[in-house]
Amino acid sequence: MSSWRTRVVMVLVLLVGVAAFGWPFLASPDSELSQMGHSTDASFLFVALMGLMALALLAEMTSGGVDAKTVAVLGVLAAAGGSLRVLSAGTAGLEPMFFLLVVAGRVLGASLGFLLGALALLASAFLTAGVGPWTPFQMIAAGWVCLGAGLLPAATGRRERWMLTAYGLVCGLAYGVVMNLWFWPFLGDSAPAGAGFVPGGGAAVNLGHYAVFYVTTSLAWDLPRGLLTAALTLLASGSLLRALRRSLRQARFDAPVVFADPAQRSL
Amino acid sequence: MSPALHPLPRLLHPAAWWLWGVGLAVAASRTLNPFLLLLIVAVATWVVLERRELGSSNALVAFLVIGLVAIGLRIVMVTLLGGGVTGRVVLVRLPEVPLPDWTSGVRIGGPVTLEGTLFAVYQGLQLATILACLGAVNALASPRRLLRYVPATLYEIGTAVVVALTFAPQLVEDAQRVRTARRLRGHSSRSLAELGRIAVPVLVGALERSLDLAASMESRGYGRAVRRTARSTRLAGVLTLVGVGGVVVGLYGLLDGTSPLLLGMPTLALGVACAAAALLVGARRDPRTHYRRDPWGLSEWLVAAAGVVPAVVMIVAGTRHWDGIVPQQVPVELPAVPLVLVAAILVGATAAWTAPVPPLLARSRVARTTSAQRELVAS
Chain G
1 MSSWRTRVVM VLVLLVGVAA FGWPFLASPD SELSQMGHST DASFLFVALM
51 GLMALALLAE MTSGGVDAKT VAVLGVLAAA GGSLRVLSAG TAGLEPMFFL
101 LVVAGRVLGA SLGFLLGALA LLASAFLTAG VGPWTPFQMI AAGWVCLGAG
151 LLPAATGRRE RWMLTAYGLV CGLAYGVVMN LWFWPFLGDS APAGAGFVPG
201 GGAAVNLGHY AVFYVTTSLA WDLPRGLLTA ALTLLASGSL LRALRRSLRQ
251 ARFDAPVVFA DPAQRSL
Chain C
268 MSPALHPLPR LLHPAAWWLW GVGLAVAASR TLNPFLLLLI VAVATWVVLE
318 RRELGSSNAL VAFLVIGLVA IGLRIVMVTL LGGGVTGRVV LVRLPEVPLP
368 DWTSGVRIGG PVTLEGTLFA VYQGLQLATI LACLGAVNAL ASPRRLLRYV
418 PATLYEIGTA VVVALTFAPQ LVEDAQRVRT ARRLRGHSSR SLAELGRIAV
468 PVLVGALERS LDLAASMESR GYGRAVRRTA RSTRLAGVLT LVGVGGVVVG
518 LYGLLDGTSP LLLGMPTLAL GVACAAAALL VGARRDPRTH YRRDPWGLSE
568 WLVAAAGVVP AVVMIVAGTR HWDGIVPQQV PVELPAVPLV LVAAILVGAT
618 AAWTAPVPPL LARSRVARTT SAQRELVAS
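Protein sequences, first through last, are from chains G and C.
The first sequence: position 35 = 35 (my numbering), numbered continuously.
One rule links them: number in my numbering = place in the second sequence (from 1) + 267.
If we strip away everything but chain G, and leave its shape as in the complex, we get:
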């Protein structure tokens, strides 16, 4: 599942993601992207690109074939994440889904966790009939949330719980910071004065503007999400971690099935 090729593709898609989210800051003033940024063409380019990258990465991660247990467990956890998102739709920022993503990503590990994050967002988009240009961005960002939880250092007991709590708080905020970026250049001139994207304005100006934009418009959404994720993780992650680990041990992901050669058996 995680061959060297998958890892390389993962890192490359991470780079594409950094460019897709961060191009307003990364593009140098006389580059082609800055020229495209004057119209909203650059945003459309990245919407298409992220869709393709999400599909290519998912295909590469599953290219070795995925066994039925993995598919079933991923499907069920994605269903849980998706239905949590459906239930919480409309409550400003109170998304308990991240709690599940953090805990399940921790249990499943990095690469399966990434798949889970992406699938949970995709499933929720299907459930709410809310597929749009934001879906690939959300899939990849949620995949990163789970991936990060899987990559956290080994710890047990109370230390693990506090580590996950801190991670949940950071993720709840960071997800909002990152997800606002994909549509921020779209706003163009209608963004508030001093908070809009300036094509070719350089990193410092745009970072300042984006900080103003973020604080004035979406901090009020993201802070509740971060706090809710942290609170839920602190209260319930212990029992949920134990339960998930017990259930996944039953699935025994690491015991490969090997068929003996029938000719040898007959001897």
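It is worth saying that the hints were derived from the structure and are not from the lab.
All of these numbers come straight from a predicted model, not from anything done at the bench.
Note that beta-carbon positions come from the ideal geometry of N, C-alpha and C, so glycine has one too.
Check before you lean on any hint, since a few could be wrong.
[Said to hold, decoys possible] These stretches of chain C come out as covered by chain G in the derived footprint (C-beta under 8 Å, 3 or more residues):
(1) 539-545
(2) 617-629
[Claimed, not checked] DEER-style ranges, computed between Cβ atoms:
(3) Ala166/G / Leu601/C: 52 to 58 Å
(4) Arg158/G / Leu366/C: 40 to 46 Å
(5) Ser456/C / Arg158/G: 23 to 29 Å
Following the hints, put chain C in place on chain G, whose structure we already have.
Below, chain C without anything else, positioned relative to chain G:
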């Protein structure tokens, strides 16, 4: 009445609807003219009213509400915080909050200009129109139906999503059952800890059921068929690597102003082509059979064309800077409405006639007309 224009009731191929909707959304993204944008919303709404299957979720309403909220938010933001457009006609002058120097550029309060407010409305309307187009497609062709058309390279992902979509309603039921059980035992708080306590039994139950599902999938032969030769897997892997690598290099070329032009768009296009080819190479030798695929007939071509035509016309008009594409901001003028663009958008409405009527809707319409006829005869 030719049969091609009035085909038998059936569901249109979902890809045709998505082409139509994305085409309209692209057309909307090219213009800021409020009349054209409202026309696009009207076209999308009309087609949904005419061709939405009974019982499918009406996502359009939710998307329209979100669009209205987006317009409102923009107006509030521009009123309170000012915008990028500085106009001459001042509507109101709000008291301005003095801010320290380091917040350069930011202002709270101050003059509200007609030009700035109108521009915010136009931009909000554009976003709302794009959302309306997407809502219309979500209502006309449920994205779940697209899942049947994922290439075989994404088969496992598609299966996992189908599992997720099947399990999600059951999970909600499970959660309600656990909650009722806990309330019967006297735990009726609505605290966060309670939510966590409900989550554990629900998830454990779901995971146990998922193992049963896995067992039944394996007993039915899931994952046992040798689908791909080692060579095609390796080819797809190399193509993915080259494709994603090409995209990264191409993006670097686009981001960096000093790099040669060849490093930008051409490399990016090559990478995209390779990545797309990787998705298809593995899928080519897929021996799986498919159950009742939707046909792609004349209606599908016509509906897809009804979306592509407005998009192409608007893109051409945008690059040639025709009148009425972007209304003049300062001073404010009533935007011109070019007839060519109106005609192009109205092409999108032809989908309401060229698409076949979905079966349930057709049945209910027949029932309605026959009962009306009966009443007529009786009277």
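Quick rundown of the hints versus the structure:
1. For the segment 539-545 of chain C, the stated coverage by chain G holds: 4 residues have a C-beta nearer than 8 Å to a C-beta of that chain, and at least 3 were required.
2. Counting residues of the segment 617-629 of chain C whose C-beta lies closer than 8 Å to any C-beta of chain G gives 0; at least three are required, and the coverage claim is violated.
3. Judged by the Cβ atoms, the range 52 to 58 Å given for Ala166/G and Leu601/C holds: they are separated by roughly 56 Å.
4. The hinted window of 40 to 46 Å between Arg158/G and Leu366/C holds, with their beta carbons roughly 45 Å apart.
5. In this structure the hint that Ser456/C and Arg158/G lie 23 to 29 Å apart at CB holds, the actual value being about 24 Å.
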